[in-house]
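Q: Each chain, written out:
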Amino acid sequence: MKALVAVKRVPDGNAPLRLKMDCSGVDLAGMPMRINPFDEAALEWAVQRKEAGTISEIVAVSIGGNACQETLRHALAMGADRAFLIAAEHAPEPLAVAKLLRALAEREQPDLIVLGKQASDDDNAQTAPMLAALLGWPQGVFASNVALENNTLQVTREIEGGQEVLALPLPAVISADLRLANPRYLKLPQLLQAKKKTIETLNPSELGVAPAPRLELLGVAPPPARKPAVKVADARELVALLRQEGLP
Amino acid sequence: MKHALILVEHDGVNPHSALRRIVSAARLLADRLTLLVAGSQAQAVAEQAACIAGVSEVWLFDAPHLSQPLAEDLSPLLAHAVRERQASALLAAASPFGKATLPRAAALLDCAMLSDVVEIQAPDVFVRPVHAGAALATLRNPEPVKILSARAAAFPPAADQPAAPINIQPAPPAANRSAWVSTTHPDSARPALAEAKVVVAGGQGLGSAEQFHALLDPLADRLNAAIGATRAAVDAGFIGNDHQIGQTGAIVAPEFYFAIGLSGAAQHLAGMRDARVVVTINKDAEAPICRQADYVLEGDLFEIVPALLRALE
Chain A
1 MKALVAVKRV PDGNAPLRLK MDCSGVDLAG MPMRINPFDE AALEWAVQRK EAGTISEIVA
61 VSIGGNACQE TLRHALAMGA DRAFLIAAEH APEPLAVAKL LRALAEREQP DLIVLGKQAS
121 DDDNAQTAPM LAALLGWPQG VFASNVALEN NTLQVTREIE GGQEVLALPL PAVISADLRL
181 ANPRYLKLPQ LLQAKKKTIE TLNPSELGVA PAPRLELLGV APPPARKPAV KVADARELVA
241 LLRQEGLP
Chain B
1 MKHALILVEH DGVNPHSALR RIVSAARLLA DRLTLLVAGS QAQAVAEQAA CIAGVSEVWL
61 FDAPHLSQPL AEDLSPLLAH AVRERQASAL LAAASPFGKA TLPRAAALLD CAMLSDVVEI
121 QAPDVFVRPV HAGAALATLR NPEPVKILSA RAAAFPPAAD QPAAPINIQP APPAANRSAW
181 VSTTHPDSAR PALAEAKVVV AGGQGLGSAE QFHALLDPLA DRLNAAIGAT RAAVDAGFIG
241 NDHQIGQTGA IVAPEFYFAI GLSGAAQHLA GMRDARVVVT INKDAEAPIC RQADYVLEGD
301 LFEIVPALLR ALE
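Quick note, the sequences are listed as chains A and B, same order.
Residue 248, in my numbering, is where the first sequence stops; the numbers in between run on with no holes.
Residue 313, in my numbering, is where the second sequence stops; the numbers in between run on with no holes.
To be clear, the hints were calculated from the coordinates, so they are not data collected in a lab.
Beta carbons: idealized from backbone N, C-alpha and C, even for Gly.
The reader is advised that the hints may include incorrect statements.
Covered by chain B, per the in silico footprint, the following chain A stretches (three or more residues, Cβ under 8 Å) [to be verified]:
#1 89-102
#2 137-146
#3 166-172
Straight-line alpha carbon distances no greater than 30 Å define the calculated DSBU-like cross-link-like pairs of lysine-lysine that follow [to be verified]:
#4 A/Lys2 to A/Lys231
#5 A/Lys197 to A/Lys187
#6 A/Lys20 to A/Lys227
#7 A/Lys196 to A/Lys50
#8 B/Lys197 to A/Lys227
#9 A/Lys2 to A/Lys195
#10 A/Lys50 to A/Lys195
#11 B/Lys197 to A/Lys231
#12 A/Lys231 to A/Lys197
#13 A/Lys227 to B/Lys283
#14 A/Lys2 to A/Lys227
#15 A/Lys231 to B/Lys283
If you anchor each label on the Cβ, the simulated ranges turn out as follows [stated by the list, open to error]:
#16 B/Ala159 to A/Asn150: 50 to 60 Å
#17 B/Cys51 to A/Glu216: 44 to 54 Å
#18 B/Pro306 to A/Gly53: 23 to 33 Å
#19 B/His80 to A/Ala240: 33 to 43 Å
#20 A/Gln109 to B/His80: 25 to 35 Å
Generate the whole structure from the sequences, applying the supplied hints.
A: In structure tokens:
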């Protein structure tokens with residue numbers, strides 16, 4: 001069984017976010033970058049299935065500038081067999097990403113496409129359902145557990161206040177919650193080995209997709225700040241203050 | 001005349017409480033509003049939805065295969081309804097249900113969409129959080145159909161009205177792409193996390209599952225609160241996944257949020273930033289949660305939480 005896993009390069013969510021002075025966007029200069037944690041969980045799950053013998057090949061793909069090579073090297077070191085970089089000046093919108101991934105899926109014919117449930121920068125959570133729609137495949141999104149039996153996926157999904165289990169015939173698209181798998185730490189031999197694996201670069205035009213943006217970003221602002229917190233001496237004082245705020 | 005459609009989330013009996021707020025959001029985009037209810041024997045849902053102020057009409061798609069509506073079945077239904085009504089907007093709550101379904105419909109319509117909208121500034125200008133809520137992006141959406149999942153807490157609930165007409169629609173045949181197996185909703189005795197007015201949330205500082213429950217359960221009972229947890233607390237086995245709050249997990253905006261023994265990782269703050277009053281009980285007054293809090297009680301939570309419970313009596 002062949003799996004296609006998409007990985008996005010995103011700013012490290014643990015580093016403080018800086019906005020451009022003119023509020024036109026996020027200032028990425030000097031920002032530490034990493035593989036999207038949700039994609040990393042998706043890939044880790046696929047690598048574990050490969051180690052267990054249920055997946056035979058993992059193809060990784062990233063969309064963006066040359067720096068995404070680094071993200072793909074990370075994916076190859078984790079256990080992907082080969083990789084594609086789809087060249088794009090900026091990270092395309094989810095619908096364009098879904099169209100690019102559909103085109104790649106038509107070439108590569110995977111049995112399974114695994115994505116993160118969302119990218120930790122844009123927080124859209126759109127690509128997986130969009131891709132499933134374009135391919136006409138079943139979807140299992142926000143998956144916290146996926147079992148594979150007789151060409152059927154048992155997908156446990158995180159829903160409001162509980163969990164839902166779906167059965168999906170292959171081929172299918174799944175999107176990973178962080179809980180799907182705990183990513184491994186990479187060691188030097190794996191990183192060195194990854195350098196020998198191939199990354200093939202594709203242009204969107206070769207895939208027949210024009211990833212022009214449909215939406216226009218007008219500005220980015222910090223969220224409204226809370227007033228500085230009141231330091232409270234003890235529980236009694238806290239309850240008195242909360243009663244004034246309307247605590248029942 | 002602009003026409004908006006809303007996908008109604010429901011449990012087979014009642015519409016989700018978020019619906020009234022999504023109706024308010026839709027009213028900013030259109031003067032005519034059709035609610036789409038898909039289910040099996042979901043007449044009661046349609047009847048309640050019809051009585052929300054501003055609703056022009058309810059379309060009821062009733063079929064046995066819609067008893068557990070799946071994105072594969074709902075998305076062609078939504079795309080068809082948008083085309084048939086020449087709708088200019090399609091909305092749903094930014095819940096796991098809405099977020100699994102709307103993008104699938106958007107792709108069928110070849111239409112870009114916006115997730116987690118918290119403000120509608122103009123019929124084509126929307127605000128949504130990015131980077132786990134660390135920034136708010138304002139976007140212009142020039143698409144002919146504005147498709148958006150909206151954060152319910154950001155919009156006021158619509159009032160009541162005399163019932164609007166309910167029209168029974170032919171349900172499309174089953175897509176048969178995936179099959180529902182089971183749904184589990186543990187802990188249904190407490191208020192649902194997404195709807196609770198008070199949330200009591202604990203982190204790793206609680207130390208163990210026993211201590212987590214020994215301290216937080218009585219407090220939650222006293223406050224009629226839902227119990228939340230950080231990812232670290234869930235991973236440590238203190239409580240189940242369905243209690244997790246954050247970028248992974250539920251996004252809540254209660255009236256009162258008690259953050260107990262948690263530091264406030266960016267991931268967690270993404271899920272609770274919009275709470276009205278935030279209280280933290282923490283031994284570290286420099287923890288990031290203190291910058292998101294209105295009231296900070298610094299000290300040993302194992303002494304403070306029982307004292308808080310006594311002070312509430």
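Q: Flag every earlier hint the structure violates by its number, smallest first.
A: When the structure is compared with the hints, numbers 4, 12, 14, 17, 18 and 19 turn out to be violated.
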